[in-house]
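**Student:** For reference, the chains in residue letters:
Protein chains: 2
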Amino acid sequence: MSEAKTSTTPNTFKLVRNQGVTAPLGFKAAGIAAGIKASGKPDLALVFNEGPHYAAAGVFTRNKVRAAPVLWSEQVLGDGHLRAVILNSGGANACTGPGGFQDTHATAEKVAEALSHWGTETGAGEVAVCSTGLIGDRLPMDKVLAGVTEIVHEMGGGLTGGTDAAHAIMTTDTVPKEAALHHGGGWNVGGMAKGAGMMAPSLATMLVVLTTDVHATPEQLDQALRYATGYTFDRLDVDGATSTNDTVLLLSSGASEKTCTQEELNAAVREVCDDLAAQLQGDAEGVTKRILITVTGAVSEEEALIGARAIARDSLVKTALFGSDPNWGRVMAAIGIAPIELVHDKLTVSFNGQPIAEHGCGVPGARDVDLSGPEIDVTVDLGLGRGTATIRTTDLSHAYVEENSAYSS
Amino acid sequence: MSEAKTSTTPNTFKLVRNQGVTAPLGFKAAGIAAGIKASGKPDLALVFNEGPHYAAAGVFTRNKVRAAPVLWSEQVLGDGHLRAVILNSGGANACTGPGGFQDTHATAEKVAEALSHWGTETGAGEVAVCSTGLIGDRLPMDKVLAGVTEIVHEMGGGLTGGTDAAHAIMTTDTVPKEAALHHGGGWNVGGMAKGAGMMAPSLATMLVVLTTDVHATPEQLDQALRYATGYTFDRLDVDGATSTNDTVLLLSSGASEKTCTQEELNAAVREVCDDLAAQLQGDAEGVTKRILITVTGAVSEEEALIGARAIARDSLVKTALFGSDPNWGRVMAAIGIAPIELVHDKLTVSFNGQPIAEHGCGVPGARDVDLSGPEIDVTVDLGLGRGTATIRTTDLSHAYVEENSAYSS
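So the protein sequences, as listed, match chains A and B. In terms of the working numbering, the first sequence is residues 497 to 905. In terms of the working numbering, the second sequence is residues 497 to 905.
This is chain A alone, in the form it adopts within the complex (with noise of 0.2 Å):
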């Protein structure tokens, strides 16, 4: 990408969400209904990049216990390609053995060969795979093989595709998440998100898609999505939990024949992450409050991350916040065991911007400000230094324990 084909028009953007995968040139999609899923909703999903270029960057879930998929599509990442994304609900084909991975590459040596029976001439090692839903079983191989004959075959342009994928992703999403970004630079950024529990510290999402018609290289898109992972989905902290399966990609078409700085990206791939976790906070499981952790005042953004995080998968805390019970004393026993530098005599703890306890103490009328709404912002000035850093969370609700108790059976 040379310096002269940079864009020179002014940095803005208009951000929507009613588009997705799509809404960038040079991107097909499609969702279906495999029978993968006993209730026979979507449960299979396509994003195809049609190109001229097929860059493309991933992140990956840092658990240790990495399904089938996610061991695939880091591998076919290698060479920084991809031309196709298949997707399925239904099944996270995890802990499934040497079975469960010849599947997933089934799976994709079949994507390509029905891509190349339409005319795109493609490799197996260039389809990445996602999977998600229960832990530990086989995927229905026959439906999901018939599935992506069908889906190629389904396969539209414009935007209802993108919408169809997002659907057939969803396990106990209750609505789709997708989000774009048009540039003034003339280029787009789309992306669709699933995931509604298990959305934590390394990535908070299971799933997501992430597009662009920008030309760029993979080293380029690789630093704009850990660079945009790193302050948004790794800042979602619903129940502490992290997926075998969690997956973020980023594909490039270059279809708009634009070019851009790195800076630019970054800040659009940005923008787009940050709305799809905002909305998958706003869908995660059992979800009454939506919840800002900031902390601020640390010695260090890390130690201002370490210690909201903190804050954000107490118990206690969210159970509190569930009741609209201005409980801070639990936020202070919270931040207090969190392992990095504090002193109590110089907390601050404010709700909704009202400070509740100062010096490490509270102030007269603490106990009677009002969480009865359903956004509740938490912040913690530790008086030590500039480091700050925010966790988005929700409540510890019924709906949460209802939800959550009753998955696999």
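Each hint can be trusted.
Because identical chains cannot be distinguished in the list, a pair is counted as satisfied if it fits within a single copy or across any two copies.
Calculated cross-link-like contacts (lysine to aspartate or glutamate; reagent style EDC-like; alpha-carbon spacing at most 20 Å):
(1) Lys560 x Glu837
(2) Lys560 x Glu798
(3) Lys560 x Asp877
(4) Lys537 x Asp638
(5) Lys785 x Glu898
(6) Lys842 x Asp633
(7) Lys785 x Asp866
(8) Lys560 x Asp841
(9) Lys560 x Glu854
(10) Lys842 x Glu854
(11) Lys537 x Glu646
(12) Lys785 x Asp873
(13) Lys537 x Glu650
(14) Lys785 x Asp821
No wet-lab data here; the hints were simulated from the structure.
Please arrange chain B on chain A, whose structure you already have, making use of the hints.
**Tutor:** For chain B alone, coordinates are given in the frame of chain A:
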């Protein structure tokens, strides 16, 4: 303690639950309703060491936000001696600033004055203070101080006083917790505990007082206490939270005129702590399942402990077990993110002794195991080394959410 005085009787013992801190010779206790709790329930307890010796040791919360009574008690234990412990429920006296510390000091002064008035010359520096309840409010000191005068007057001999004390320290506990060990060597260890939530990593319990009539030095008591708590309260993890007030004290009167080896003392204190920890687990907030998480085959005991704790804190595992759902994939996902050495293909997971997954994959019938009973054993073998550790925990139930969303209000 000379070797010559060491007991040579068989190392046998009897453990009972209907006796507590007054089971050993040389201790008196009492519990009264002083009006600190709005409910009018018992809220003030006293444990008094009649001597002839006054050695003592304590371990305290590792939370960096420490309640006034923790700061006080740690300070007065500096010389390894205590005459009395005064405990209140109905208020934690945490995050209450210098005024809160003065309240703790005044309480200890009042205890010393009242004991001196009744013939036992005592200084405030010989009186430990423990508090439990809501964080952030000052205690009603008029009621606390009047209660101190009354409780010293009420203090009786016999076992009843110990049980009254165990009642008076309860908060959301539904039953008092007591245990006593009668050693074949002619000496005894007794204890009481309270705590039904906020039980976690450093110290699982909010307040525990242990007594013994064996003659031991402060150093011997300290060693026994650290050994015992490390294997018991430190391995009880209900919700990952750690209180600002956690305190475990061990007092020795020497009234049996017996001594013992360090190993005998360690073992006896561990037995009592282990039984109290089991009682705390059984009465934890909203518990419907008592769960033991064991990790075996780790490269070290420390790594086994980290792994077991990671599973014990996983909300998705805990909700599944609440639903009696053998969703072993969640156990896999939870151990997979623990910061320890592990290899997916070597993992074995068992529920109630029945292997559910081997070599990282499910076995036939894995989803049919019956987890409907009140006790569940989860064992994960890493297949790497000899490190083994067990964590006691509970399920995550509707009752937990209910109880913790309506605590301060």
